[in-house]
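Using the sequences and the hints, build the whole thing.
Chains as they are written, first to last, in the working numbering: chain A, 1 to 212; chain B, 1 to 241.
Keep in mind the hints are simulated off the structure, nothing from the lab.
A virtual CB, placed ideally from N, CA and C, is assigned to each residue, including glycine.
No false leads were mixed into what you were given.
Subject to a maximum C-alpha distance of 35 Å in a straight line, what follows is the list of computed DSBU-like cross-link-like pairs (lysine-lysine): (1) B:K204 <-> A:K200; (2) A:K88 <-> A:K200; (3) A:K210 <-> B:K204.
Computed from the model, here is a short list of chain B residues facing chain A with C-beta under 10 Å: (4) A72; (5) E120; (6) K121; (7) H122; (8) L191; (9) A193; (10) E198; (11) L202; (12) T206; (13) Y212; (14) R217.
As a plain string of letters, each chain reads:
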Amino acid sequence: MKTTIRRLVSALLLLCLGLPLGAPAEESAGPDVLVKQVTLEVVDLIAKDKDLRGGDRVKLIALIEAKVLPNFNFASMTALALGQNWRKASPEQKARLTEEFKTLLVRTYASALAAYGDQQFEFRPLRAKPTDTDVVVQVRVLQPGAQPVAIDYGMEKTAAGWKAYDVMVGGVSLVANYRTEFARLVRASGIDGLIADLEKKNRSLDAAAKKP
Amino acid sequence: MRYGLVALAALATLGACASGADRDPRDPLEPWNRAVYKFNDTVDNAVARPVAEGYRRIVPGGVRDRVRNFFANIADPMIGVNNILQGKLEDGFLDWMRFVFNSTVGLFGIHDVASQMGLEKHDEDFGQTFGRWGIGTGPYLVLPFFGSSDVRDGVGFVGNIYADPLTEVRPRNVQYLAYGLRFTQTRTDLLEASRILEQAALDKYTFQRDAYLQRRRSLVYDGHPPRELELEDEDDDKTTR
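Set out below in structure tokens:
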């Protein structure tokens, strides 16, 4: 009896281990399911951890890097924020831009999460065809005495599953919002100038965080 | 005195960035706007933000929710009027239902029972109504003390002031107290957002302007703005990357 169960368990384990390797990307979680899973997991982790609830920056950044980052396509995000200028950038410049932009967004996301105080989420049903490869996943944050805030994730289907390439908070697209700033900085001092400005911004954020 | 300062600041910035060639077409008044923005920022740092932070420290979250609910409730009838002016009769009617329930069952509006009943709070004002009627935003405009706006919303803002229930409140000192409390509550609700803005923006002025214009456009279309042609172009960028 015992051996049968053990055999069953090991067979199941093998099956589970084998599945992600064998299954084509199409069978991975849908974009709406993914957003809901990640959101609830992150919120749950914050609720359980006193440091995270207290806004501990280092721990928040670690949490984001572990749970949220893998679901974003930062190359797409950076390309969209750069617009026309993306094509003019060399592969090396593209890599550095993506890295710096990613760092800035993670820092910003950490302070947004630090502001989280048990608001309720409403996950909207996905309005898309199964064949769509570019969808908007809608989440709403409910708060007393105010209109709910819409958080929409622009998501694209990639070989590695669904990845977010834009976040729209209350109708404000993060990517579109950076576009004007980036365009102006590139006009003023070129792509290298923009990279330098992003580096400077990230360094000043880290310096400000170190101060008590 | 106040205006003297603004004018002075405007002149200073005009001198500093009168290049002109780099001007955003949506923001032809940028030098003026930047000056007012700087002035507002100074006032905010010196008065509004410290007051809001003190209020948040002293007043418990539960009480702040009641204060927010109260002012949100007295605004609902006018939100209903704007919904009706925009042809959304059902939404307008529901706003008035919210006001009826919250003013009675919700004890003068301090409890948002309507939301719990599934009557969702809306966000409407005269600027949005004009937008719905097809009136364009006109140039971006930073108002002294009140911040981001545009010519259309600035005209709407005057309408909002006239329609504000607090304008009727007498005696005057009670009225000023109510204005002060509402402003403090609003600023307190924005504390986190303004902190995030500081972190996210390379240039706060540009970032806030673009966020305002995007936000208002989204509000005019109740969260479902038609896609801009510009955005379609960028989709091309993405695929040809």
